[in-house]
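Student: Listed here are the chains, written in short residue letters.
2 protein chains.
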Amino acid sequence: MTNRRTSASASRRPVSAARPRRRPRLAPVRLGIIGLGVRTEVLLASLAGIEGAETVAVCDVREAAVAKILGILERQGKPAPAVFRDYRRLLEQRAVDAVLVPTSWNSHLPIATDALLAGKYAAIEVGGASSTEELWRLVRASEATGVSCMMLENCCYARNELMVMNLVRQGLFGELIHCEGGYEHDLREFACMVEAGYERSIHNRFRNGDIYPTHQLGPIAKILDINRGNRFLKLTSTASKARGMQLAARKHYGAGTPFGEIAFNMGDIVTTVITCANGETITLTHGIALPRPYSRNGRVQGTRGIWLEDANGIYIDGMSPSIQEIDVAGNPYTTHKWEPVESFYETYDHPIWQTYRRQKQLGGHGGIDSLALRAFIDAVRDRAETPIDAYDVAAWMSVTCLSEQSIACGGQPVPFPDFTDGKWIARGRAPAGPWAL
Amino acid sequence: MTNRRTSASASRRPVSAARPRRRPRLAPVRLGIIGLGVRTEVLLASLAGIEGAETVAVCDVREAAVAKILGILERQGKPAPAVFRDYRRLLEQRAVDAVLVPTSWNSHLPIATDALLAGKYAAIEVGGASSTEELWRLVRASEATGVSCMMLENCCYARNELMVMNLVRQGLFGELIHCEGGYEHDLREFACMVEAGYERSIHNRFRNGDIYPTHQLGPIAKILDINRGNRFLKLTSTASKARGMQLAARKHYGAGTPFGEIAFNMGDIVTTVITCANGETITLTHGIALPRPYSRNGRVQGTRGIWLEDANGIYIDGMSPSIQEIDVAGNPYTTHKWEPVESFYETYDHPIWQTYRRQKQLGGHGGIDSLALRAFIDAVRDRAETPIDAYDVAAWMSVTCLSEQSIACGGQPVPFPDFTDGKWIARGRAPAGPWAL
Chain L
1 MTNRRTSASA SRRPVSAARP RRRPRLAPVR LGIIGLGVRT EVLLASLAGI EGAETVAVCD
61 VREAAVAKIL GILERQGKPA PAVFRDYRRL LEQRAVDAVL VPTSWNSHLP IATDALLAGK
121 YAAIEVGGAS STEELWRLVR ASEATGVSCM MLENCCYARN ELMVMNLVRQ GLFGELIHCE
181 GGYEHDLREF ACMVEAGYER SIHNRFRNGD IYPTHQLGPI AKILDINRGN RFLKLTSTAS
241 KARGMQLAAR KHYGAGTPFG EIAFNMGDIV TTVITCANGE TITLTHGIAL PRPYSRNGRV
301 QGTRGIWLED ANGIYIDGMS PSIQEIDVAG NPYTTHKWEP VESFYETYDH PIWQTYRRQK
361 QLGGHGGIDS LALRAFIDAV RDRAETPIDA YDVAAWMSVT CLSEQSIACG GQPVPFPDFT
421 DGKWIARGRA PAGPWAL
Chain A
1001 MTNRRTSASA SRRPVSAARP RRRPRLAPVR LGIIGLGVRT EVLLASLAGI EGAETVAVCD
1061 VREAAVAKIL GILERQGKPA PAVFRDYRRL LEQRAVDAVL VPTSWNSHLP IATDALLAGK
1121 YAAIEVGGAS STEELWRLVR ASEATGVSCM MLENCCYARN ELMVMNLVRQ GLFGELIHCE
1181 GGYEHDLREF ACMVEAGYER SIHNRFRNGD IYPTHQLGPI AKILDINRGN RFLKLTSTAS
1241 KARGMQLAAR KHYGAGTPFG EIAFNMGDIV TTVITCANGE TITLTHGIAL PRPYSRNGRV
1301 QGTRGIWLED ANGIYIDGMS PSIQEIDVAG NPYTTHKWEP VESFYETYDH PIWQTYRRQK
1361 QLGGHGGIDS LALRAFIDAV RDRAETPIDA YDVAAWMSVT CLSEQSIACG GQPVPFPDFT
1421 DGKWIARGRA PAGPWAL
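Those sequence lines, one after another, are chains L and A. Take the first sequence: its position 25, counted from the start at 1, is 25 in our numbering, and no numbers get skipped. With the second sequence counted from 1, adding 1000 to any position gets you our numbering.
Same shape as in the complex, but just chain L (with noise of 0.2 Å):
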C-alpha cells in the first residue's frame, strides 16, 4: 500500500528530472467491459492513465459500439480485446479478474450479480434499483462467493466530499446531525429525446420516484457510516409535478406531434428525507427537468461545524468569523460568517486529494472517474474489500425504488430493508488504506 503512495508522489517530478525513480511494477489487473456505450468512452480515457489496467475482454451486442471502442483502444495503443456478444462468455474467461459494467440501469444489477457468481469483480455505474429485491441476489451473490461489488460512485472521490469526510473525522464538525444532497442537472436537452434510447429519458417518462441519488447520498452515507455502526432507517419522498421534460419534447418536436405532446410521470423536482438508525435526517433532492446551474446539493452538518455546497461554505464553531451587532433596539446580537472552502484545501485536504492534487489529466469529471477507478483496480489486485461494497450499493440504490413507493402511497414513510442482516451493527469503520472511505 505505501508503495502507491511512494509512486504517486514520484509521479509529481517533472518529466525531465534525470533519473526516474525505480518502483517495482505494478501486477497487471485484466478488465472486462461488458455494455460499450457513451459511458464506457469516458472510462477509457481514465484507464489509460491507470497503470496496470488491461482491457482484455469488451462485450456488446451492437457491432458499432464494439466497432468504436476497438478504435480507441487502438488510438491508445493498447493490445486487441477479445470481442463477447454474451456477456456469460466472457465471464467464463479465466483471463478475467474483474468487470466493469457500463450497461443500462435496468440490466447492471443483474449482470454485476452474475459477475459475482462467477468469481468475478464487479463494478457498476451509478444509479437506482427497480426492487429491493435485486440488491438482494446481489448482496447475497457477494456473500455467497466473497467478492466484492464496487459502484464507480466517482463523487465518493471529488474533493470537497473528501476533505469534509476529513473534517467529520477529525471531529471539526462535532457529532454529526444532518445532511443534504442531490442531483440538480439540466438534462432537458437529452433526457426529452423518447426516441433516442437515452436512457434517461424512458425512466423520466414511466417513473416518479429518486431514480438517481448516489452522486451525493454516496459520500454522505461514508461520511455517516451507513453499514458501519450506522444504517438508513426510513424515507419519505415527494414528487413535484411534471412540467419541464414536456416543455422541452414540445420544442424538441414540435406541439401537436406524438412525442411533443408525450407525458413525463416524473415530477420535475423529487424531494427524498432519509432518517438514519443513530438519528441523523438526510434531505435529497433529484431535479433534471429545469434549467439552473449543476449542483448536488451538498451540506453536512454537525453540532460544530458545516459545510454547505449551494454556500461554497464552511463554518466552524469558535474558528470561523463571528460578529457581535445590536439592533435597533440597542439589543446584542451575533453573526456568524461563511469561510470558503478553497481556503480549507491547504490544510484539511483529504489524503487522497493531498496525494494526487497536482497529478494533471486523471481522466472524465476532473479527475474522479480514475480515482474511483483506481480504488477499484487496486481492491481488486490485492483481492481486499472494496471502499464501495453490496451493501452500500445496495443501501445506496434502494432510495430510487422506495421513494417510488413513498410517493404512489402519498408520501407515506417507508422502511429500508437491512440488507446487513444486523451486521451494520458490529461492523467498524474499513480499515485504514490509501483508496478507505
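Derived from the structure by calculation, the hints contain no laboratory data. Check each hint, because a few of them may be wrong.
What the hints assert, rightly or not - Here are the in silico distance ranges between beta carbons for each label pair:
hint, chain 1, residue 1, chain 2, residue 2, range
1, L, Ala67, A, Ile1326, 17 to 25 Å
2, A, Ile1425, L, Pro110, 48 to 56 Å
3, A, Arg1357, L, Ile326, 21 to 29 Å
4, A, Ala1436, L, Asn331, 26 to 34 Å
5, A, Ala1263, L, Gln405, 28 to 36 Å
6, A, Ala1027, L, Ala263, 52 to 60 Å
7, L, Glu63, A, Ile1425, 56 to 64 Å
8, A, Gly1229, L, Pro415, 54 to 62 Å
9, L, Gly256, A, Ala1432, 31 to 39 Å
10, A, Ala1144, L, Phe206, 45 to 53 Å
11, A, Arg1169, L, Gln405, 48 to 56 Å
12, A, Gly1433, L, Gln405, 43 to 51 Å
13, A, Thr1257, L, Gly146, 48 to 56 Å
Glycine included, every Cβ here is placed at the ideal spot set by N, Cα and C.
Once you've looked at the hints, dock chain A against the given chain L.
Tutor: Just chain A, lined up with the frame of chain L:
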C-alpha cells in the same frame, strides 16, 4: 394611494430643499399594543417613523415592562398612552382602531381573535399554532366581523423575496414547480436558557416540529398564490436527533447541574415537505440549535428560472449565461452560470422597494419591519383587507401543529384543513395596491 407614493418620493429630497412639496396629512391610526416585551421595543423603533401611527394604549401585566415602554415613547416625544393590565379592557376602548399583539406564541392567537370579535383590526407577530382549532376560531372571527387579522411577517417585504415575486409575476420564472425556505439561525445562546422565560427555550424543550415556519413560507405562499387559486394540501415532517440545545445548556449551566442536563425534545433540524393543490412542492427547514451563518434557505423555481438564496444567484433560461463545453470523450455539454441577485435590483426591484430603496432609517430588520407595519396601518386607515389575512395566518401557522403530528406519526403525511372552505378556488389575486402581495 398615489398620495403615499408621492410622499415617499418627496421624502427622498434633501431636507435642505427650499420648500418641501405639500401633501395632505395622513389621518391618524390609533393603535393599542398588547404585550410589551423586547419585540415591542423593536416595533416602536419602526412605528416612530410612520406618519399617523399613534400608540394610544398599551397593555401588560408586568409593571417593569410597561415602565420601559412608556420611557421609550417619552424619549420619542410621543404622548403617554393609556395603560391597561387586562387586554379585554383595552379592546373596549372606542379610541383604539387596531391592536398589535406581540405576545407569546401561546397567547397571540386567542387575543387576536378577541380583538377581531371586538371589531378591532389585529396584527400578530410570527410563530406557529398549537392546534388547527385555534386557527379556525381566528378565521371564523374574521369572517363574522369582516375585520382583518394580519401577521406582521416582515420577510414578505424583504427585498429579494419581493423582487422574486416580481420576476415570477412578470413570467420570467415560467410556471412555478418547487420552492424552499427555512429558518436557520444559531440561537443556542438564548434558547438554551430554560429558566429565563425565553419563549423558544420552552417550545424547544417540549415540542418537536417546525415551530417557526413563516419567515420564508410567508413569501413563498404569496408567490404561489396560496388561498387565491392554490392551497397547501399535505405535508410530511421529519426531525433529526436533538443535540445542539442540550450541549449549549450544559455549557451555560455546567455539566451535571439540573438545567445543564435538561432534555430538549425538538430535533436540531426539522424538515417539512409541503405539497400544494396545483402540484408545487415546498421544502422547509427549521434549525436553531446548530452553529452556522443565518439563512432563510430561499428557493423559488419554475420551468424557466430559479432563485437560490444560499448561492445568492438567479438563473433565467435563455437570459443568464450558458456555456458549451466538451468532456474528455469529446462529447458536448452545457453549463449554466448563476447571476448575482444584486444585478437584478435596478431593473426588477418590486415597486415597493423601488419606492423605498433610497429611504433610510426604516427601523428594525433593515426596514422590513417598517414596511409590514405601514401595510397594516394603511389597511386600517382605509378599512381595507390587509395584504396578509386570517386565511393566510391560518394556513401558514398550521404548518407547526401539522408538522408535530407528522413527526409524532413517524413522518406520516398529514392533510391541511381548507380554512377557506373552498373559497380559495375562486378568490383571485388581491387587488393591486401599494402593499399588495
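Student: Does the Cβ distance between Ala1144 (chain A) and Phe206 (chain L) fall inside 45 to 53 Å?
Tutor: holds, 51 Å
Student: In this structure, is the beta-carbon distance linking Ala1436 (chain A) and Asn331 (chain L) contained in 26 to 34 Å?
Tutor: Check passed, 32 Å falls within 26 to 34 Å.
Student: Could you tell me whether the CB distance from Gly256 (chain L) to Ala1432 (chain A) stays inside 31 to 39 Å?
Tutor: For Gly256 (chain L) and Ala1432 (chain A) the Cβ distance comes to about 37 Å; the hint holds.
Student: Holds or violated: 17 to 25 Å for the Cβ distance of Ala67 (chain L) and Ile1326 (chain A)?
Tutor: Holds, at about 22 Å.
Student: Does 56 to 64 Å hold as the CB distance between Glu63 (chain L) and Ile1425 (chain A), or does it fail?
Tutor: holds, 59 Å
Student: Confirm or reject the claim that Arg1357 (chain A) and Ile326 (chain L) have a C-beta distance inside 21 to 29 Å.
Tutor: For Ile326 (chain L) against Arg1357 (chain A), whose Cβ atoms are near 23 Å apart, the range 21 to 29 Å holds.
Student: At the C-beta level, are Ala1027 (chain A) and Ala263 (chain L) separated by a distance inside 52 to 60 Å?
Tutor: holds, 57 Å
Student: Has the hinted range 48 to 56 Å been met by the Cβ atoms of Thr1257 (chain A) and Gly146 (chain L)?
Tutor: holds, 53 Å
Student: Would you say the C-beta atoms of Ile1425 (chain A) and Pro110 (chain L) sit inside 48 to 56 Å of each other?
Tutor: holds, 49 Å
Student: Within 28 to 36 Å or not, the Cβ separation of Ala1263 (chain A) and Gln405 (chain L)?
Tutor: Holds: the Cβ-Cβ distance is about 34 Å, inside 28 to 36 Å.
Student: Between Gly1229 (chain A) and Pro415 (chain L), does the beta-carbon spacing fit 54 to 62 Å?
Tutor: Hint violated: Cβ distance 37 Å, outside 54 to 62 Å.
Student: Given a hinted range of 43 to 51 Å, is it respected by the beta-carbon distance of Gly1433 (chain A) and Gln405 (chain L)?
Tutor: holds, 47 Å
When held up to the earlier numbered hints, the structure conflicts with 8 and 11 and fits the remainder.
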